[in-house]
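Chemist: Let the sequences and hints guide you as you build the complete structure.
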Amino acid sequence: MATLTRREALALGSAILTAAASGSLQALPSELKIMAPAAPGGGWDQTARVMQGVLTAERIVRSAQVTNVAGAGGIIGIAQFVNGSKGDPTALMVSGFVMVGAILMNRAPVTLDAVTPIARLTGEWQALVVAANSPIKTPQDLIAAIKADVTKVSWGGGSAGGVDHITAAMFAGLAGADGSKVNYIAHSGGGEAMAAILSNRVTVGVGGGSEFEQHVKGRRLRWIGLTAPQGTAGLPGPTLSEQGIKLELQNWRGVFAAPGITEAQRAELGQLVERMVKSKGWADQLSAKGWQDTYLGASAFEAFLKEEIARVSGVLGQLGLVRA
Amino acid sequence: MSGGGGTGADRPVIAIGAGLIAVAAIVFWQSWALRASFGSQTLGPQMMPFLVSLLLLLFGSLTVVAGWKGTFPTREEADWTSVAWITGGLAVMILLIKTAGFVPACALLFASTARAFGSRRALVDVGIGGLMAAVVYLFFVRLLGLSLPSGFTESLF
Amino acid sequence: METLSLLGNGLAIAVQPMNLLFALVGVILGTAVGVLPGIGPAMTVALLLPITFKMDPAGSLIMFAGIYYGGMYGGSTTSILLNTPGESSSIVTALEGNRMARAGRGGAALATAAIGSFVAGTIATALLTIFAPFLAEVAIAFGPEDYFALMLVAFITVSATFGSSRLRGLTSLAIGLTLGLVGIDKLTGQARLSFGVPDLLDGLEVTTVAVAMFAVGEAMAVASQKGGADDGKVEPIRGSLWMTKEDWKRSWLPWLRGTAFGFPIGALPAGGAEVPTFLSYATEKRLSKHPEEFGHGAIEGVAGPEAANNASAAGTLVPLLTLGIPTSATAAIMLAGFQQYNLQPGPLLFVTSADVVWGLIASLFIANTMLIVLNLPLVGLWVRLLSIPRPWLYGGILVFATVGVLAAKGSLVELTLVLVLGLLAFAMRRFDYPIAPVVVGMILGPMAETQLRRALQISNGDATVLLTSPISATLLVVAVVALFGPLLWARLGWRMKSDED
Chain A
1 MATLTRREAL
11 ALGSAILTAA
21 ASGSLQALPS
31 ELKIMAPAAP
41 GGGWDQTARV
51 MQGVLTAERI
61 VRSAQVTNVA
71 GAGGIIGIAQ
81 FVNGSKGDPT
91 ALMVSGFVMV
101 GAILMNRAPV
111 TLDAVTPIAR
121 LTGEWQALVV
131 AANSPIKTPQ
141 DLIAAIKADV
151 TKVSWGGGSA
161 GGVDHITAAM
171 FAGLAGADGS
181 KVNYIAHSGG
191 GEAMAAILSN
201 RVTVGVGGGS
211 EFEQHVKGRR
221 LRWIGLTAPQ
231 GTAGLPGPTL
241 SEQGIKLELQ
251 NWRGVFAAPG
261 ITEAQRAELG
271 QLVERMVKSK
281 GWADQLSAKG
291 WQDTYLGASA
301 FEAFLKEEIA
311 RVSGVLGQLG
321 LVRA
Chain B
325 MSGGGGTGAD
335 RPVIAIGAGL
345 IAVAAIVFWQ
355 SWALRASFGS
365 QTLGPQMMPF
375 LVSLLLLLFG
385 SLTVVAGWKG
395 TFPTREEADW
405 TSVAWITGGL
415 AVMILLIKTA
425 GFVPACALLF
435 ASTARAFGSR
445 RALVDVGIGG
455 LMAAVVYLFF
465 VRLLGLSLPS
475 GFTESLF
Chain C
482 METLSLLGNG
492 LAIAVQPMNL
502 LFALVGVILG
512 TAVGVLPGIG
522 PAMTVALLLP
532 ITFKMDPAGS
542 LIMFAGIYYG
552 GMYGGSTTSI
562 LLNTPGESSS
572 IVTALEGNRM
582 ARAGRGGAAL
592 ATAAIGSFVA
602 GTIATALLTI
612 FAPFLAEVAI
622 AFGPEDYFAL
632 MLVAFITVSA
642 TFGSSRLRGL
652 TSLAIGLTLG
662 LVGIDKLTGQ
672 ARLSFGVPDL
682 LDGLEVTTVA
692 VAMFAVGEAM
702 AVASQKGGAD
712 DGKVEPIRGS
722 LWMTKEDWKR
732 SWLPWLRGTA
742 FGFPIGALPA
752 GGAEVPTFLS
762 YATEKRLSKH
772 PEEFGHGAIE
782 GVAGPEAANN
792 ASAAGTLVPL
802 LTLGIPTSAT
812 AAIMLAGFQQ
822 YNLQPGPLLF
832 VTSADVVWGL
842 IASLFIANTM
852 LIVLNLPLVG
862 LWVRLLSIPR
872 PWLYGGILVF
882 ATVGVLAAKG
892 SLVELTLVLV
902 LGLLAFAMRR
912 FDYPIAPVVV
922 GMILGPMAET
932 QLRRALQISN
942 GDATVLLTSP
952 ISATLLVVAV
962 VALFGPLLWA
972 RLGWRMKSDE
982 D
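Protein chains in written order, with the working numbering: chain A, 1 to 324; chain B, 325 to 481; chain C, 482 to 982.
There may be inaccurate statements among the hints.
[Unchecked claim] Over 12 Å on every C-beta distance to chain B, these chain C residues come out as not near it, computed from the model:
hint: 1; residue: Pro538
hint: 2; residue: Leu734
hint: 3; residue: Phe775
hint: 4; residue: Asn823
hint: 5; residue: Phe831
hint: 6; residue: Leu859
[Unchecked claim] Distance condition first, Cα-Cα at most 25 Å in a straight line; then the derived BS3-like pairs of lysine-lysine:
hint: 7; chain 1: A; residue 1: Lys306; chain 2: A; residue 2: Lys246
hint: 8; chain 1: A; residue 1: Lys152; chain 2: C; residue 2: Lys667
hint: 9; chain 1: A; residue 1: Lys246; chain 2: A; residue 2: Lys137
hint: 10; chain 1: A; residue 1: Lys86; chain 2: B; residue 2: Lys422
hint: 11; chain 1: A; residue 1: Lys278; chain 2: A; residue 2: Lys289
hint: 12; chain 1: A; residue 1: Lys181; chain 2: C; residue 2: Lys667
hint: 13; chain 1: A; residue 1: Lys33; chain 2: B; residue 2: Lys422
hint: 14; chain 1: A; residue 1: Lys181; chain 2: A; residue 2: Lys137
No lab work stands behind these hints, which were simulated from the structure alone. No experiment lies behind these values; they were computed from the predicted model shown. Don't be surprised by glycine CBs; every beta carbon is placed ideally from N, CA and C.
Modeler: Listed below in structure tokens is the structure:
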């Protein structure tokens with residue numbers, strides 16, 4: 001062993017490096033705890049359970065456990081996550097756009113500042129549609145109608161202050177109208193809103209792009225535009241920006257780690273999630289569920305989050321839903 | 325027991341009426357600051373709370389009158405210790421479930437309820453309650469993958 | 482005829498041994514979770530979705546359908562035997578069903594519930610097969626003003642069944658309306674009566690309130706009785722275990738009427754499963770030859786609402802299959818199940834995936850048959866539950882009730898609510914306030930409020946929409962008749978009697 005050839009030395013060196021790398025892999029959390037701050041069945045829960053499935057099937061972690069803490073747009077879940085998992089490098093929480101609004105509107109004591117951003121995972125673009133027999137045919141028609149009288153244009157979508165409402169207010173803002181004058185009719189659950197849109201009871205419908213796909217293809221609804229930068233595969237119509245209106249908004253979902261973890265632990269969790277996102281299992285699940293991959297790594301996600309919170313809080317403030 | 329049946333004032337009933345009026349006041353006060361912040365909402369978020377508050381005020385007042393006249397049906401004498409055992413069982417469960425754990429909390433609730441219904445074999449009751457809770461816990465958590473609140477005991481299995 | 486041959490193909494798919502096995506697993510799982518308050522079919526299907534990802538689509542959808550129908554059966558069993566409704570749609574069943582069980586007629590109550598569910602489920606599934614596309618169009622034509630009028634009809638008819646004292650009945654209703662206010666206002670997103678507690682922002686869980694007021698309040702009331710009173714005494718069987726000839730005679734019409742309420746209202750996007758059970762109960766009480774038995778265990782009050790509840794479950798599938806509109810939590814999860822296999826429910830589903838749809842519909846018939854075959858022999862066994870010594874029976878009920886509440890929402894706030902509302906219910910029982918109106922007010926109040934405000938919001942504040950919509954106008958006439966009709970009929974009836982003399 002006294003005399004190593006150059007090649008042997010290199011081989012040894014790389015073996016040590018590999019060992020170190022795999023050693024750090026072994027040091028990775030073998031058991032992950034993923035919290036879905038919602039009841040079983042919703043988008044966050046499904047994201048958490050898909051993560052669980054892919055992370056274990058691809059052998060990225062040995063096991064993963066999903067817990068549900070339901071309620072109030074996730075603000076109960078995040079409070080419990082922050083209190084219960086401080087400094088725990090094996091704890092993750094799924095979250096998304098909805099939680100940003102819920103925290104602002106309910107003035108939740110625990111905000112997204114308290115947790116550690118790891119990655120944005122998926123997103124869904126918002127679509128505007130009208131009933132097939134509506135006189136409105138293009139985004140420009142809709143803008144003209146809003147300019148004529150913003151209160152005469154009724155919007156049907158999900159909960160007040162939610163992503164659909166924010167989309168409506170931002171669109172009206174682009175048309176030069178006061179977002180708070182928008183006659184937004186909130187519905188609970190997709191079914192009720194869809195019935196109101198299909199029956200032409202509301203002027204415009206707003207919701208996640210895939211919700212309307214079938215009805216646009218079946219010629220019951222007319223596609224006005226999508227809040228995406230460019231055409232999204234599979235969806236039956238153009239984006240708003242392709243039609244000259246600059247409105248980009250996605251209902252994103254991401255994953256956060258506990259507060260108080262070290263930078264090294266954060267980096268390891270980031271790598272783990274990145275390996276998951278790049279796996280075939282993840283791609284398969286996304287295409288099965290119709291989710292768009294809008295992955296952003298930790299630092300990009302953190303910057304995005306900052307802007308997103310500022311933007312949402314601006315719109316909600318204008319709507320009178322967040323009081324200074 | 326101060327039973328009514330048309331003979332003089334029925335104080336507990338008057339208290340119920342006063343309680344209803346108090347709730348009416350709370351509902352009114354809590355809903356005062358609500359407003360329709362956007363869009364064209366003819367009936368805002370205050371409409372229903374105010375209506376409910378009005379109903380509570382009306383029925384509360386009528387209850388006070390009924391109590392004054394003593395027109396409520398008479399009540400039998402109650403066995404307050406039994407009620408206290410059930411109430412206490414639930415209260416102890418709330419206190420213990422996140423510390424001692426789900427299984428002991430349920431076992432105590434079972435035993436104290438059984439005590440309220442006249443059982444005198446506390447140890448047997450705790451055993452049965454604990455067994456039942458353990459089976460339920462395993463079914464929910466292990467089989468269905470749901471999360472139940474857990475404490476010290478559950479960390480053992 | 483084409484429908485029949487398609488259904489025949491569907492049956493051929495559904496009776497494949499593997500699919501029969503899936504249906505069996507589904508109904509057993511569904512019954513098991515339906516029995517537990519708090520966790521229902523929606524949550525079970527949600528938890529199973531990731532597991533079934535790699536399974537054959539027809540098989541797993543058949544299993545989901547079994548869970549759905551099984552959950553409806555299971556919910557009624559605990560309502561009747563333990564006064565602990567498993568789902569909000571079986572709350573009404575508890576009213577008369579539990580009285581019957583206490584009087585030794587639990588076997589008959591369970592049997593009429595099971596047979597009624599079977600009859601209603603079968604008829605409603607048949608209607609689904611024939612009328613689904615047509616009915617879906619009618620259903621989406623229902624606007625908020627029409628829903629408001631429907632809620633008004635429900636309010637008025639149900640209020641007539643509130644027991645001896647009008648003041649106490651209406652006070653209970655107002656308490657229910659107050660509880661219904663708690664949480665975020667749907668139309669403006671502002672919190673009401675939440676006192677800064679985040680757990681209250683989503684409003685009170687109906688099952689939590691029902692469990693606390695029925696099971697816990699009742700346990701306290703029974704325990705508080707000193708010796709002599711035999712109200713709390715439970716007799717497992719008195720007389721026949723099964724339904725007597727008289728029971729059949731009194732059950733079959735309520736089954737059919739319950740179906741007539743349940744199926745169309747279930748098909749409405751915002752109809753829900755509770756409203757038809759309320760309407761059925763009120764109707765049966767009015768039409769019964771034995772109205773005095775209501776509140777003490779009238780079999781019609783079990784037969785009608787149970788049928789309504791199951792028919793509405795089939796009704797929910799109408800908008801789901803034909804328009805891809807999920808109208809209940811379970812339907813929303815089933816939609817996710819369809820999408821997992823790239824099946825998009827909607828008008829095209831019947832064309833593009835005919836096998837799956839007709840296989841699913843056929844399996845609904847099969848699940849229904851399986852459920853009755855499984856459940857009827859079990860009636861005898863279930864009733865034996867009541868022969869458990871009283872201390873253990875009530876201990877078990879309380880543990881069971883709290884566990885269900887915790888499984889739905891695992892927070893201490895929820896348990897505290899059970900305690901507080903249990904004490905409230907005990908006090909109400911003691912002063913002879915009826916409990917059912919609390920639950921009615923809590924369910925109907927927010928629905929009526931939201932729909933009225935939404936109607937006025939869409940019309941920009943023009944209240945005449947309530948009268949110009951034909952559906953709403955008709956329902957409002959029904960409401961007025963329901964309000965003043967009894968007075969009129971009472972007079973006419975009195976006059977007719979005096980004529981006979």
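Chemist: Hints first: check each against the structure and report whether it holds.
Modeler: Here is how each hint holds up against the structure:
no. : hint                   : verdict
1   : Pro538                 : holds (22 Å)
2   : Leu734                 : holds (34 Å)
3   : Phe775                 : holds (19 Å)
4   : Asn823                 : holds (25 Å)
5   : Phe831                 : holds (33 Å)
6   : Leu859                 : holds (19 Å)
7   : A:Lys306 with A:Lys246 : holds (20 Å)
8   : A:Lys152 with C:Lys667 : holds (21 Å)
9   : A:Lys246 with A:Lys137 : holds (18 Å)
10  : A:Lys86 with B:Lys422  : holds (18 Å)
11  : A:Lys278 with A:Lys289 : holds (17 Å)
12  : A:Lys181 with C:Lys667 : holds (18 Å)
13  : A:Lys33 with B:Lys422  : holds (19 Å)
14  : A:Lys181 with A:Lys137 : holds (23 Å)
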